[in-house]
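Q: The chain contents come next:
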Amino acid sequence: MSTTPELAILNPVEEVLRKDRIPTIWCPGCGIGTTVNSFAYALMGTGIDLKKTAIVSGIGCSGRVSGYMALDSFHTTHGRAIPFATGLKLANPELNVIVYSGDGDLTSIGGNHLVHAARRNMDLLVVCVNNMIYAMTGGQAAATTPGNSMSTTTPYGSFEPEICLPQLVDACGAVFVARWTAFHVKQLERTMAKALKKKGFRFIEVVTPCPTLYQRRNNMGDGLAAMMDYKNSQQDQERRPHLRSGHGARRRYHRR
Amino acid sequence: MTHADPRCVLTGTHFINGDAACCEGALAAGARFAAGYPITPSTEVVERFASRAPTVGGIFIQMEDELAASIALQGMVWAGQKSFTVTSGPGYSLMMEHIGLAAMTETPCVFVNVQRGGPSTGLPTLPAQGDMMQARFGSHGDYSTISLVPSTPQECFDLTVTAFNLAEQFRVPVMFMMDECVGHMTEKVVIPEASEIELYPRRRASKPPGEFLLFEPGPDLVPEMAHAGEGYNVYVTGLTHDNRGYPLMNPKMQRELITRQFEKISRAADQLTIVESEGVEGADVVIVAYGITARVSRRAIQMARDKGLKVGLLRLICVWPFPEKLIRELAPKVKALVMPELNMGQVVIELERCAGGKCKVISVPHPGGTVHKPADILEAIERGAQ
Ligand SMILES: Cc1ncc(C[n+]2csc(CCOP(=O)(O)OP(=O)(O)O)c2C)c(N)n1
Ligand code: SF4
Ligand SMILES: [Mg+2]
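Protein chains in written order, with the working numbering: chain A, 1 to 256; chain B, 1001 to 1386.
For the record, the hints were derived by calculation from the structure and aren't laboratory data.
Beta carbons are placed, not taken as given, at the ideal position from N, Cα and C, and that holds for glycine.
Keep in mind that the hints are not guaranteed to be accurate.
[Unchecked claim] The calculated label-pair distances, taken between Cβ atoms and stated as ranges, are:
| id | chain 1 | residue 1 | chain 2 | residue 2 | range |
| --- | --- | --- | --- | --- | --- |
| 1 | A | 22 | B | 1216 | 16 to 26 Å |
| 2 | B | 1325 | A | 20 | 38 to 48 Å |
| 3 | A | 186 | B | 1208 | 36 to 46 Å |
| 4 | B | 1357 | A | 22 | 54 to 64 Å |
| 5 | A | 28 | B | 1325 | 52 to 62 Å |
| 6 | A | 25 | B | 1219 | 28 to 38 Å |
| 7 | B | 1267 | A | 224 | 52 to 62 Å |
| 8 | B | 1051 | A | 25 | 39 to 49 Å |
| 9 | A | 46 | B | 1251 | 27 to 37 Å |
| 10 | A | 19 | B | 1187 | 58 to 68 Å |
| 11 | B | 1141 | A | 20 | 52 to 62 Å |
[To be verified] Okay, the calculated bits of chain A under chain B, using three or more residues with CB under 8 Å as the criterion:
| id | segment |
| --- | --- |
| 12 | 67 to 79 |
| 13 | 90 to 99 |
Taking the hints into account, I'd like the entire structure generated from these sequences.
A: Next up, the structure:
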């Protein structure tokens, strides 16, 4: 009688995921899961006490991240993850509190809270998944949508310029500011690990593709094409460090 | 029940206003954390709390707006503390989304609203009771919570303690509906010994992680609570959720969750019928009033009695849930129920519904800015007695 050996396929980061919540709601090619992978490795690598770690999200595709992590998870209201996290941290300073949410959530509707949490140097790590669009609601322009972009509410192209998050948060007094893209998974992991071990208000922007609602509408191809763009634009930065707005900031901040 | 922590209780006889008494009530109830944003006529509560809290190991944080304050306090609660916020008119409107969040996530907390004249910026320094329907229905969606209305500074202390106790017992946001008059009125307030102040303790998880379900209803339909940092990996969402707290968005789950959240309150209707009645037995006309308006009504009742009319006072202390059974029993026994309110007629809608046509229901509306003239209430009493 022969026995079939049991094959176990282990996700290397499953220890920090809520396995009973997988599969996620995210589309194929979406960059959110990629950032979560880096985050999961960072969590495991730093050896922080996961029982004392809480993750807070607002609302959006990115806002679903808190619900996939095997931590204390809080899925709050649109834009208000930071003030909820502020209360959590103040009332139990032993907690490591991470805010993980979208660009629209953290910087458009919730922009005021971002400014003030940075100003008061609240001991929080904020990860902002910047897909440059309100994705969950179907692809409307956000404060982070680059000028001239097509979105469902800017059918003639957006005529407002986008906000540059690292510069904003830096100006408000954050002690740690970084920007990476979904292409830079290792760099992102290292930055997240570094930030997890630091105190004070820490902010990491991750530029990610939303192939379904941003890339496609703007003829930018699929998720893979976005990766090539991120890779090439990085090289571009090395040569031209003083581009206006978001681009200049990228070079300046990912070195920190 | 447990007892208040003596370090937090300012035992003694004081001459303080309603706002200060409310602050002392919160401290006595065990709230050492609060988040707020300044707004007249409520600011004195948090000003006092900001100086008192650090002396008992607590924190007051002034947030960037009321949206932030009303959710920061919920973070404090999920970290294991008792917490509250204080506001008025415009700030209360901004807090509505998070009152719904607290109802949906069954977060025990207290929202103090020192009511002023509105709508909009209205009358920042003058009284009204115009937010009573907002307290009941202000956030979107369907939910049931508890609203208490004090009518003296002493009650601002006593009922703030009750508000925190009810919040813990039922795991709901409790609305503490003061008004400018009661908030700024200075009177004798007696704060008892800590050992005489009973507190309803947090319903902590009785099962270990792995066995515990965050939203599993207890026998009284209220779930137990685990906090962040206790090893339970809690999952708290404003989405419709199952007993684990996981999002489950379908009509069946919605029905189960929302029905339970209503029933945990409606089942306790008797406990939540909190009123003070005086001279109601054998009266032809009963004034039904709450807050400062109940105090003004006493003068009108005296004037009516001097004229030989049989008038009683039913003062609502808990306005929501509305004391439906009491009114249904009372209505057939009287000629009229008269309800003066510092609004254009809000709670009277509920009074009329519960009276069910069994007696006259007379509204005495007032847009706010000052209190009723007793003569106006007297006139309504005389009409009712005919
Ligand atoms: C107060 C409020 N306004 C609007 C919405 C609708 N809404 C849900 S998600 C969302 C946009 C989310 O965008 P972003 O934060 O960028 O997250 P993404 O979906 O792009 O990851 C909006 C507008 C809401 N839930 N609450
Ligand atoms: S809509 Fe965009 S952001 Fe949302 S899951 Fe799909 S790809 Fe990701
Ligand atoms: Mg987005």
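Q: If a hint holds in the structure, say so; if it does not, say that too.
A: Structure-based check of all given hints:
{"no.": "1", "hint": "22/A to 1216/B: 16 to 26 Å", "verdict": "23 Å, holds"}
{"no.": "2", "hint": "1325/B to 20/A: 38 to 48 Å", "verdict": "44 Å, holds"}
{"no.": "3", "hint": "186/A to 1208/B: 36 to 46 Å", "verdict": "38 Å, holds"}
{"no.": "4", "hint": "1357/B to 22/A: 54 to 64 Å", "verdict": "58 Å, holds"}
{"no.": "5", "hint": "28/A to 1325/B: 52 to 62 Å", "verdict": "58 Å, holds"}
{"no.": "6", "hint": "25/A to 1219/B: 28 to 38 Å", "verdict": "35 Å, holds"}
{"no.": "7", "hint": "1267/B to 224/A: 52 to 62 Å", "verdict": "57 Å, holds"}
{"no.": "8", "hint": "1051/B to 25/A: 39 to 49 Å", "verdict": "47 Å, holds"}
{"no.": "9", "hint": "46/A to 1251/B: 27 to 37 Å", "verdict": "43 Å, violated"}
{"no.": "10", "hint": "19/A to 1187/B: 58 to 68 Å", "verdict": "60 Å, holds"}
{"no.": "11", "hint": "1141/B to 20/A: 52 to 62 Å", "verdict": "27 Å, violated"}
{"no.": "12", "hint": "67 to 79", "verdict": "holds (count 10)"}
{"no.": "13", "hint": "90 to 99", "verdict": "holds (count 5)"}
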